[in-house]
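Keeping their order, the protein sequence lines are chains E and H. Mapping to the working numbering: the first sequence position 80 is 80, numbers consecutive. Mapping to the working numbering: the second sequence position 195 is 195, numbers consecutive.
Because the hints were derived from the structure by calculation, they are not lab data. One should not assume that every hint holds.
[Claimed, not checked] Beta-carbon label-pair distances, calculated as ranges: (1) E:GLY356 - H:ARG365: 31 to 41 Å; (2) H:ILE359 - E:PRO188: 40 to 50 Å; (3) H:PRO242 - E:TRP76: 36 to 46 Å; (4) H:GLU307 - E:GLY356: 18 to 28 Å.
[Unchecked claim] Below, a sample of chain E positions facing chain H; criterion: calculated Cβ distance under 10 Å: (5) VAL247; (6) TRP274; (7) ALA276; (8) TRP313.
All of these numbers come straight from a predicted model, not from anything done at the bench. Every residue gets a Cβ at the ideal spot worked out from N, C-alpha and C, and that includes glycine.
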Amino acid sequence: MNLKYGLISVDDHVQETPDVWTSRLSKSKWGDRIPHVESDSNGAERWVVDGKPVDLPGVAIAHAALSDRGCNTGRWDEVPESVYVPAERLKAMDADGVDYSVLYPSVAGTGGEMFGRLADPELELACVQAYNDWLIDEWAAASDRFVPQCIVPISPIEATVAEIRRAVGLGHRGVIYPANPMELREVPHVNEPDYDPVWSTCEELGVPLCIHAGSSTSIQVSAPSAFSPRLAAAFSSITRQASQISVLVHLLISRILLRHPNLKVVFGESSLGWGAYQVEFADQQFNEDGLYLEGYDLKPSEMFRRQCYLTGWYGTAGVQTRGIIGIENILWSTSFPLATSSWPTTRQYVERAFEGVPEDEKNLMLWGNAAKLYKV
Amino acid sequence: MLALEGARSSGALIMEIKHGMFSCDSHAQLDRYAFTSRMSEAKWGDRIPQVVEVEDKGSGELVHKWRVDGKISFGGVVNCPAVMHDRRYYPKRWEEVPLKAYDPLERLEALDEDGVDGEVLFPNTPVQNFSFAGSRDPDYEIACVEAYNDALGDWRRASDRYVPLAIIPYINPIEKVLEQVRRAVDHGHRGITMLADPGVSIKGSQPLNDPFWEPLWATCQELDIPINWHGSAGMASELSVPDWEKYTTRQHHTVSTGRLAATPAQMIPNLMLSGILDRYPRLNWACAETGMGWMAYVLEACDHEWERHHLWTEGILTRPSEAFRRQIYVDFWFERSGIELRHFIGIDNIMWESDYPHITSTYPRSKEAVQRTTAGVPEDEKKKMLYQNALRLYNLS
Chain E
1 MNLKYGLISV DDHVQETPDV WTSRLSKSKW GDRIPHVESD SNGAERWVVD GKPVDLPGVA
61 IAHAALSDRG CNTGRWDEVP ESVYVPAERL KAMDADGVDY SVLYPSVAGT GGEMFGRLAD
121 PELELACVQA YNDWLIDEWA AASDRFVPQC IVPISPIEAT VAEIRRAVGL GHRGVIYPAN
181 PMELREVPHV NEPDYDPVWS TCEELGVPLC IHAGSSTSIQ VSAPSAFSPR LAAAFSSITR
241 QASQISVLVH LLISRILLRH PNLKVVFGES SLGWGAYQVE FADQQFNEDG LYLEGYDLKP
301 SEMFRRQCYL TGWYGTAGVQ TRGIIGIENI LWSTSFPLAT SSWPTTRQYV ERAFEGVPED
361 EKNLMLWGNA AKLYKV
Chain H
1 MLALEGARSS GALIMEIKHG MFSCDSHAQL DRYAFTSRMS EAKWGDRIPQ VVEVEDKGSG
61 ELVHKWRVDG KISFGGVVNC PAVMHDRRYY PKRWEEVPLK AYDPLERLEA LDEDGVDGEV
121 LFPNTPVQNF SFAGSRDPDY EIACVEAYND ALGDWRRASD RYVPLAIIPY INPIEKVLEQ
181 VRRAVDHGHR GITMLADPGV SIKGSQPLND PFWEPLWATC QELDIPINWH GSAGMASELS
241 VPDWEKYTTR QHHTVSTGRL AATPAQMIPN LMLSGILDRY PRLNWACAET GMGWMAYVLE
301 ACDHEWERHH LWTEGILTRP SEAFRRQIYV DFWFERSGIE LRHFIGIDNI MWESDYPHIT
361 STYPRSKEAV QRTTAGVPED EKKKMLYQNA LRLYNLS
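With the rest of the complex left out, here is chain H:
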C-alpha cells in the first residue's frame, strides 16, 4: 500500500504514552480497495467486497455502497459521523469520507488532536466480525477473512499506536480457524474479535460451550491474545422483546442500542459457568462498547448463584468474581454508574474507549469527557483505567 510507505514502525512492543488515554474500542475503516487489491479477481470476480455506485431508491441520487458477495450492504458507505462536519450526517459517497477515518497516517493526527495515544481496532463498514460467514461458502469466507486481517494488520506497520484485532472464520473447520489466528498474529494483530455465541448467530456454527472451540481457547492462551466481544456481539435481536414495527428510526436505534448490556450480562455468566475460565486461566476476555456499570450485576449475581447452588461441586472451582478479576475486562466511555462502582467491579479490569469514529464517540473532546466522567477519581486509579490496564492486556508495556 502506497500510503504506508515510509511509515514509522518501531517494531518494539512498548507503547509510548504521551497523552494518557488509550481507546480500547475504535473502528478502523478499510480503504475502498482493501479487498480488491488483495483478493484474486480471477477467482472471486464480482464477489470481492468493494464500493459500488448505486441509485438511492428514495432520492434517486447516485450513492456509494459496499457490495459483498454480490449483495449490496445495508447502511451508508462508511459509518463515521463523528468525523463529519455535521455529526448527524453519514457520508453517501466515498469522496465525502475524511481521510482520518480510513488513512492510518492521517488518522494519527486525529488521535493527537483528541489526546489519544493509541487504539484497539474493531471493524467498520461493511465488516462485522461474522460478515463473511453469510456467504455459506467456506473458501470465500477464508479469502475475505485473510484479506481483512492483512489489510488491518498493515495499520500496525504504519504505526504501533494501532492495536488491530483479527476476525475469524465460522463456517470452516477449527484447524482453519487456528491457521487464520496464527497468520493474523504474525501480521501484527493483538487479539481476535468474535461472536458471543456463534452457535446462536450463525447457522451451522457451534455454540460457545461446544468442545469445537476448545483449540481456539488453547491457541489464544498460548499466543497470549485476548478474545474481544463488541456490543451485543451478535445477540441483540435474539435477546430482545420483539421490536415494534411502528418505532421511528430514532426510537429503533435507542431501543436496540439501549438494551445492549443484556447480552454480556448473560454471556459472561455463560462463560463463567461453562468452566472455560478455569480451564484456560491465562486467557483474557474484553467487552467493548457495552459500558460497565451492569458488570456489578454479573459479579454479584454469579457469586450469589454460585453460593446458593454450591457450584464448586459442579466443577466451577473459582468464585466467579475472582475469575472475572483474573481474566475479564470491560470498557467505559460516558458513565457515572460504572465509575462509582469501579472498586466493586475491579480497578484493574476497567479500560476506556472513544468509539472513534462512531456516533457515540467522545472525539474530538475525549479529554473533557474523561475529566467529567472521572472527576474525583485519584490519579493512580485514573491511569489504570485510562491506559495502564489496556497496555497490560494487549501486551504493550
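One chain only, chain E, in its complex shape:
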C-alpha cells in the first residue's frame, strides 16, 4: 500500500463506455438486446438495455464533474473524461487527495441491480460478465489504485456463486449485491437459506458483500411529481441513504450474520448520520421483544460491530458518535461523480468531520479499516 494522501474512498462510480457490452457480447446471438447507446430524433443519447431505456439521468452519471451539478449529460461527447477514462480519473483523485478508489458501476445500476431485472438469465449473465471483464481490463489494469468490485447475476444461485469465483479470480475485491433482489424478479426472499452459498463464497474468498444505496427503489419515498428535476434529484439522494435503514435492520435480525460470522457487509452510500441511533435502537427493540430467547448468540450491535460497515462522505454527526457506531465500522468515501459527491473539496469535508478526532482513530476511518477490508 502506498499512501500519499491518507484516504481510501470506498464508494465511487465508473461510467461504462458505450462499447462495454457491444464489444463483448455476440451481436449475432443477442442483436439489439445488448446494452448500447442510441440517440433519439433530437440527438439526445441514452442507454438501452434489452429494448428498454435505462432510467439514468442522461447518458452518463457525471454530475460532480460538470460545472452545474443539476444538469444531465444528454450526449456522450459532453461527458467529462474523468468519469470514464481511468488515467483522467487518477488525476481527479490526485486533485482531491484520494489514494485508492473502490469502484461501483453506473449503467449496471449504482447498486449493481440493472441486469437482475432481465427476465432472461442467460442475457443477465452475459451482461454481468462483460462488465466484470471490462472493469478488470480497463480500470484495474490501468492502476492498482483502483479497487474493482464485481456485480453478479441474481438467479440461479449457482450462477451467482460461479460468477463470484470467476470475478474474484480475475482480481475483483468486493461483491456488489442488490438490497432487495425480490424487487428485481421472481426469486426467494433474501433471508432464505437458498442464498447461503453466496454468503459462504464471500466468506471463503475473503471479499466483502457490498450493498449500495438506491438498488431498491420500492423502499424509498418517491419524489412527489410536483418536484422540479433538481428538487427530485436532491430528494432522491436523501431517501436513497435513509432506505439503507430498513436493509440493515432486516440483515441484523435475519440470522445471516450468525450463520456466516466471517461475512463482511458494506453499506455503500449509507451515510453515517443515522448509524448510532440505528445500532442502539436495534438492541433496544431486540431486548424489549425478548429476541434473545430465540437463540441469538449476539445482540444486533455485536453483529454489526463484528461484520458491518457504514460509509460517510459529508457531515459530522457520524464521526461524533463513532463510539456508538464503532470506530472500526466506519469507512469514508467521495461518492464521485454523483451529485452528492464531496469532490473536488473532499479535504475540506474531511477536515470538518474529523476536527478534534485523535490521529489513530481518524486513520482507521479514512483508510485503515478500508485497507484491511479490501486487502489494499
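The hints should help you fit chain H onto chain E, whose structure is shown.
The following block gives chain H in isolation, referenced to the frame of chain E:
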C-alpha cells in the same frame, strides 16, 4: 360521562410542573362505550365501534375484541402491557384492563406514581389516526372522527394535565377536515395527529405535497396547533424490504419496529423540500415515538443536498436545518445517541416521551430511565428536553 363529574379543570392554559417530566407520546384508551354513547344507534347500528365477545380461534376462549364498521379489529382488546402485572401480557377481556389505562382520573395517579406532570395523548385500540377512512364511507368517517375527538377532548375536561390530539378525516372534502379540526380545538384538543403521506396510505386521499392540504396547514398555523406524526405514520410496510414470512412474532416485531426511523428520515426531507415550512413558518411539526438520533442524519443530509443542488434557486429559501430548528420537534425515550447529538439536533427541538401504556414505555420507572439517559446533561438543558420545549410547543406555558 359519569366518571368525569366533579373533575378538576382549571381552564387555565398554564400547566403546573411538579415532577419535571412531560410525556409527548402517550396513548389514551377510550372507554368501551366511548363510541356507542356518542353515535346514533338508529343511524349506524352495528357499525359503531364497540367491544364484542368472540371465540378465540386458537384457544376456544371467549375473548373481547373491538369491532369497527362490522369488522373485528386485529390484536387484543387494549394495547396496555406496561400497566399489566406481567408486562408481556396483553389483556384478552375488558375486565382485565386496569382503570389506569382508560379512566382519566385513575390514570392521574399512575402519572404521579411515575413522576410525569402531563401527557400528549395519541390514540389507542382500536383507533389509529386513519382507522375510519377504511370504511370508504365519508359520513361514517366523520361520525367516528367526531365521536373520537369528543371522547378524548373530555379528558382535558377531567384534567388539564392531558393534552389531546385530534384525528382528522381523509376521505372527505377539505372543508370537512377543517370543520373537524376547529370543532376539536373548541373541545380542548391541542394538535392533530395524521399520516405522514395520506396519498400513499389511503386510496383516494391526496399526497402531503398536494395543494389539497394547504388549507389545513393554514388553519393549523392560524390556530397555533402542531401537526403530529407518530411512529411510521402509516408508511412502515411501504418503505421496507418485504417481510420474510418465516419471521417469528418476536422477529417480526423487532424488524417492523426497528426500522421505524426510515419513515421520518424520508418524510421530513419531503416536508422540507416541499416548501411547506417556508410557506407556513409558524406551523410546527412533531415526530413521536421515532427516537431522535437519526434526526442528525436528516439535518446534515438535507443541508448537504441543499448546498450541492443550490436548492435556494428552487424556492427552498431557508436552509433545512434552520427550518427544522424553527418548526420541527422530535422525542426521545431510551437513547444515548440522540442525547450525545442534542446540540447538533437542537436543544430547543427535543422532547421526552414515556409511551404509556405500551410495551416500550418507561412506566413505572420513568425517573430512573431519564436519569440514566440524561446522565451528565446540564440541568437547564434537561429541563428544556423534559418539559419546557413541550409546554411551549403545545401552548401550555
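Going down the list of hints, with the structure as the test:
At about 36 Å, the CB distance of E:GLY356 to H:ARG365 agrees with the hint of 31 to 41 Å. Checked against the hint of 40 to 50 Å, the C-beta distance between H:ILE359 and E:PRO188 comes to roughly 32 Å, which is inconsistent with it. Checking the proposed 36 to 46 Å range against H:PRO242 and E:TRP76 shows it holds: the Cβ atoms sit about 38 Å from each other. For the pair H:GLU307 and E:GLY356, the supplied restraint of 18 to 28 Å holds, since their beta-carbon distance comes to about 23 Å.
Because the closest C-beta pair between E:VAL247 and chain H is about 6 Å apart, less than 10 Å, the hint holds. Evaluation of the E:TRP274 hint against chain H yields a held restraint, the C-beta minimum of about 4 Å falling below 10 Å. For E:ALA276, the interface hint holds, since its Cβ comes within 10 Å of a Cβ in chain H; the closest pair sits about 4 Å apart. Interface hint status for E:TRP313: upheld, as the beta-carbon distance to the closest one in chain H is roughly 9 Å, under 10 Å.
Consistency note: the structure conflicts with earlier hint 2 alone.
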